[in-house]
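Visitor: All chains, full assembly: derive it from the sequences and hints.
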Amino acid sequence: DGGITQSPKYLFRKEGQNVTLSCEQNLNHDAMYWYRQDPGQGLRLIYYSQIVNDFQKGDIAEGYSVSREKKESFPLTVTSAQKNPTAFYLCASQLARGETQYFGPGTRLLVL
Amino acid sequence: SQQGEEDPQALSIQEGENATMNCSYKTSINNLQWYRQNSGRGLVHLILIRSNEREKHSGRLRVTLDTSKKSSSLLITASRAADTASYFCATDAGGAQKLVFGQGTRLTINP
Numbered sequence: 007d008g009g010i011t012q013s014p015k016y017l018f019r020k021e022g023q024n025v026t027l028s029c030e031q032n033l034n035h036d037a038m039y040w041y042r043q044d045p046g047q048g049l050r051l052i053y054y055s056q057i058v059n060d061f062q063k064g065d066i067a068e069g070y071s072v073s074r075e076k077k078e079s080f081p082l083t084v085t086s087a088q089k090n091p092t093a094f095y096l097c098a099s100q101l102a103r104g105e106t107q108y109f110g111p112g113t114r115l116l117v118l
Numbered sequence: 256s257q258q259g260e261e262d263p264q265a266l267s268i269q270e271g272e273n274a275t276m277n278c279s280y281k282t283s284i285n286n287l288q289w290y291r292q293n294s295g296r297g298l299v300h301l302i303l304i305r306s307n308e309r310e311k312h313s314g315r316l317r318v319t320l321d322t323s324k325k326s327s328s329l330l331i332t333a334s335r336a337a338d339t340a341s342y343f344c345a346t347d348a349g350g351a352q353k354l355v356f357g358q359g360t361r362l363t364i365n366p
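Line by line, the protein sequences are chains A and B.
Quick note on numbering: this note's numbering labels position 27 of the first sequence as 33, and the sequence is numbered without any gaps.
Quick note on numbering: this note's numbering labels position 101 of the second sequence as 356, and the sequence is numbered without any gaps.
It should be emphasised that the hints constitute simulated quantities derived from the structure, not laboratory data.
Hints may be right or wrong, so weigh each one.
As the list claims (entries may be wrong) - Reference listing, derived: stretches of chain A covered by chain B, where coverage requires no fewer than 3 residues with Cβ under 8 angstroms from a Cβ of chain B:
id, region
1, 53-65
2, 75-85
3, 106-117
Said to hold, decoys possible - Using 20 angstroms as the maximum straight-line C-alpha spacing, the simulated PhoX-like pairs for lysine-lysine come out as follows:
id, chain 1, residue 1, chain 2, residue 2
4, A, 63, A, 76
5, B, 311, A, 77
6, B, 311, B, 324
7, A, 89, A, 20
8, A, 63, B, 353
9, A, 89, A, 63
To be verified - Chain B is nowhere near these chain A residues, computed Cβ spacing over 10 angstroms in every case:
id, residue
10, 34
11, 47
12, 49
13, 91
Remember, it's a predicted structure, so these values are computed and weren't measured experimentally.
The beta-carbon is built from N, C-alpha and C at its ideal position, and this holds for glycine as well.
Guide: Given below as structure tokens:
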């Protein structure tokens, strides 16, 4: 079964805590993306990676960090510096420029 | 940076009617894509239209692109209750390999 998986589905963060959201794909796509979606809003790009061991900041990278050590995996860490982390986080991958982006089911992050 | 803007923000119609959503953008693009999102779920790709194309069809969906007006429209014909969702346009404007999404249109189909 090909696709993108995200885990966990729900994540709770305590104040001052770093949390990591998982994103895995078996589509053999080079590019991967992390988006944040607030209620009733569109998607805003946090970070993206076009190739292993390389990634670029998106429009709202402050308070987030990523790594891309493997082609299949692109984990996102929400650090304690992100003061308003409550949101729906979506991961996507893309085979090449001009192709469709495929999305995972999302992780909802809530603050305790 | 927000490139695409959808209009209307919300649309409510009766089942069987046609639904039209519009997307405007600011800069030249390589392609424009439409996605659907059911509540609390990930996005599902609907149609990709390239800058040299004017119209594309997929089942009950029709997408048009007018690069001179920097706008696109998504038409859903013979709407069904299952079409209830948010619809987003996203543009690939060249440069970095990334899409810029609009705020979306929330479509409600009433039985």
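Visitor: Is the hinted pair residue 311(B) and residue 77(A) satisfied, with a Cα-Cα distance of at most 20 angstroms?
Guide: violated, 33 angstroms
Visitor: Using a Cβ cutoff of 8 angstroms, are there at least 3 residues of the region 53-65 of chain A near chain B, or does the coverage claim fail?
Guide: As far as the region 53-65 of chain A goes, the hint holds, because 5 residues have Cβ atoms under 8 angstroms from chain B.
Visitor: Say whether it holds or is violated: residue 49(A) keeps its Cβ farther than 10 angstroms from all Cβ of chain B.
Guide: About 4 angstroms separates residue 49(A) from the closest Cβ of chain B, which leaves it inside 10 angstroms; violated.
Visitor: For the region 75-85 of chain A, does the count of residues with a C-beta closer than 8 angstroms to a C-beta of chain B reach 3?
Guide: violated (count 0)
Visitor: Does residue 47(A) sit more than 10 angstroms from chain B, CB to CB?
Guide: violated, 6 angstroms
Visitor: Counting residues of the region 106-117 of chain A that have a beta-carbon nearer than 8 angstroms to any beta-carbon of chain B, does the count reach 3?
Guide: holds (count 8)
Visitor: Against the 20 angstroms threshold, does the CA-CA distance of residue 89(A) and residue 63(A) hold or violate the hint?
Guide: holds, 18 angstroms
Visitor: Does residue 63(A) pair with residue 353(B) here, judged by a C-alpha cut-off of 20 angstroms?
Guide: Between residue 63(A) and residue 353(B) the Cα gap is close to 11 angstroms, so the pair holds against 20 angstroms.
Visitor: With d taken as the least Cβ-Cβ distance between residue 34(A) and chain B, does d exceed 10 angstroms?
Guide: holds, 16 angstroms
Visitor: Would you check the hint for residue 89(A) and residue 20(A), treating anything up to 20 angstroms between C-alpha atoms as holding?
Guide: With a Cα-Cα distance of about 11 angstroms, the restraint between residue 89(A) and residue 20(A) holds, given a limit of 20 angstroms.
Visitor: With d taken as the least Cβ-Cβ distance between residue 91(A) and chain B, does d exceed 10 angstroms?
Guide: holds, 18 angstroms
Visitor: Check the hint pairing residue 63(A) with residue 76(A) against an upper bound of 20 angstroms on the C-alpha distance.
Guide: At roughly 18 angstroms apart (the allowed maximum being 20 angstroms), residue 76(A) and residue 63(A) satisfy the hint.
Checked against the numbered hints given earlier, this structure breaks hints 2, 5, 11, 12; the rest are met.
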